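Chemist: Listed below, chain by chain, are the residues.
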Amino acid sequence: MLEVRDVDVTYGDIQALWGVSFSVRKGEMVALVGSNGAGKSTVLRTLSGVQKPRKGTITVEGTRSDTVDAHKVVELGVSLVPEGRRLFRDMTILENLELGGYIGRARKVKEEHLEWVFQMFPVLKQRISQLAGTLSGGEQQMLAIARALMSDPKLLLVDELSLGLAPIIVKNIYKTLREINKSRNVTILVVEQNVRLALEVADRAYVIENGRITMEGAGKELLASEAIKSAYLAIG
Amino acid sequence: MGALLQILSYGVFSGALYGLVALGLSLVFGVMNYLNVAHGALIMLASYTVLWVCYYLHFDPFLSLILVIPTFFVIGWILFMGLFQRLLALPETEKLKNSLLISFGILLICSNAATMLWTADERAVATSYTGKVIDLLGVRLPYIGLATVFLAIIVVFAVHLFLTRTYFGKAIRAVSQDYEAASWMGINTSRACLVSFAIGVALAGFPGVVIALQTFNPMVSFDLTNKALIVLILAGVGSLRGVLFGGLLLGVVEAASVFLVGVAYREVVGLVLFVLVLMFRPQGIGGRKA
Amino acid sequence: MKSKLGIASFVLLMIFAPLLIKSEYLLNLLILICLYATLSHSWNILGGYCGQISLGHATFFGAGALTFRYLWLGGVSYYLALPAGALASLILAFAIGFPSFKMKGHYFSIGTLALAMIALITVQNLLPGVSFITEACLKEYSLLTIYYLAFGVGVATVAAVYALSRSKLGLALVSVREDEEAAEAIGINTFKYKVVAMSISTVIAGFAGGIFAFYCGTYYHYAPFELGWSFDPLLIAFIGGAGTVVGPVVGAVVFVLLKELFAASLGQVNVLIFGIVFIVTVLFLPKGLVGIAGIVRKKDRSART
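Chains as they are written, first to last, in the numbering used here: chain A, 1 to 236; chain B, 237 to 526; chain C, 527 to 831.
Isolated chain A, as found in the complex:
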């Protein structure tokens, strides 16, 4: 459902992405892995619409998304869980969630989505009137994901969710993501620095290095590959 073709992205005179092409099929959970500065977040920023590519196309279920404003990309069904969460810290959990469901079609099903989200992350319901800035790291990440889901997305983009979180919390969140993927058929694209974790969780994965896609394959395969093992897993 997501087709990225030959995308170049530049920040001024510095080129960050070179001819990036990949795709994500409906219902899949795909990982984009690579080391720091490889260009992963740039890919997500471009997919979310705040960064426009200099060259190439991005299509979401047949509609071009690289030519529209960021807020329109959300209406196309693409929702981003940003790096660093980027919650509205001076607003309550409820307000953050309501803002997640800002677009027209999401407002209609607000109550239903709130219920679903509270089911997945009960702690959010407990602290519903608390300010987002006062939550713990794990709770903030959960809120960020819940907020992104409120817009009823077809494609959920998750940027570096493991940053700054304890491993057990990260594991649980990924478990929940898998559930969302399977039960609600939400296509998910995760960007992760923790290569092993990402490859274990995803159906398929792409490896990005220095702004270029260098490898592609099923999660388990890549996990077993020699190249990955030596470069990213410090084995061999």
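Note that these hints are calculated values from the structure, not bench results.
Be careful, since some hints might not be right.
Pairwise CB distance ranges (calculated) [to be verified]: (1) B/Gln519 <-> A/Lys171: 38 to 44 Å; (2) C/Phe717 <-> A/Arg5: 50 to 56 Å; (3) B/Val369 <-> C/Ile617: 47 to 53 Å.
Predicted model only: the values in this text are computed from it and were never measured.
Don't be surprised by glycine CBs; every beta carbon is placed ideally from N, CA and C.
Starting from the structure of chain A, add chains B and C where the hints point.
Modeler: Here is chains B and C on its own, set in the frame of chain A:
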């Protein structure tokens, strides 16, 4: 004792006015980090608008708000689309600097144009209740002063409701906290800024009415901008209720200083307080760090 | 080499012109141009080069004027009173200028505006009257002398700014303007350089104030503290080209000529026009009028290739 209460009451009345004066400026600054120093000029223009509406249509000044507020909403809309929208794309410091400079230019243009069009003569709108007071426990409370306090409370409350109970209001708050993240919620951020700015300018209508009931001339633009800036800083960025308290604080401080250092230096005390706050607590009393 | 010759001949021309063209009107205009150019450059050093936009420069201008006037009317000769005025401004800078750097960015701007207003109101209350020129001083009053003084100060100022723009100090100032945090990170003591910029700036403003006090026969004591003296140099510097050597001079010429053109109108039409030009400059011509030459040169180059 009676004199003290009297002075305090004047402090409250002028404080309510100051709160109204700063409201529009505070909103715009909080949402998109534009320091619109022309705000005082816009209030001055609103006062003149009230003047002409009352003169030609024989409206009561407070009634003229029905025309003045929408008019200034449109003026704000046009100003933003014409001058300020292009600044949205700039990096933060450039945005602030340029918005300061451009609005500074507008301040000069407006005050001079007003002087050319309407002369520097003092004006005022006289009504049947100008000068009438209620005598409460020996303290004289002017009708207009009470109306100002009333107006201030209603307007601040209305804006508060708008920002906390409506989707669009929450969107505006989101934009003020994190512009990018707001766009990821599907919020049309440039539209939100546009509307916020237009509302900010429209809010100039309220203090405009009160000023129109006192004497004014084009040069009040500078005084009003000054007051707005002081209250903005005292209140802190992003705190709308703080604006009311900041205004009251300034009003009471000024009133008290009349008591202590005499009328001549009334403004100086407020300004000194302002500079001190700027130096040591720029985030103000109520606000988060800018 | 050619430009140096051109500048030298221009300076010579300006020195001899008033002796050849005996026009009081011309002298007055030239004095005003020199005055505004000097004051604008004073602002320019702090605001254009160092990026600290002060909205209250009249404070230092006024301090210089006040000191000069007091000394001169008291019998001190003008060539001693002038540097005394500059010194007074510098002292004032120590008192309120340097502490004001505690306010960063836009807070600095509105803070300096507040300080200027405090100064204005204080002077209005302490010295409400008019400053009359005494008999003794009237004898000393010569438009030609004032012109040479103003021109001398102006040339010295432009030379100083030119030297600044070519120096390491100037580079440091610009780095503070561009990105204060980055400058700190590479080891530049931004506070120190801001202090230096303000020192030079206020000294020049003090000189300008002295010239004003020398030139204006009779004026309200608070006149040099008025808001206009804070705003005009800013406008001039920006429209001419903030952060350049030639900009404020060009701006001053345009400003004074416009003022002359609309001298009889109500409400200062020249400020109105200037305000519009100012906005246009901020939006479209970040380098001011001086930058137009650069744009034209660029278009020329690209047209040829």
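Chemist: Each hint needs a verdict: does it hold in this structure or not?
Modeler: Verification of the supplied hints:
no., hint, in the structure
1, B/Gln519 <-> A/Lys171: 38 to 44 Å, "holds (39 Å)"
2, C/Phe717 <-> A/Arg5: 50 to 56 Å, "holds (52 Å)"
3, B/Val369 <-> C/Ile617: 47 to 53 Å, "holds (49 Å)"
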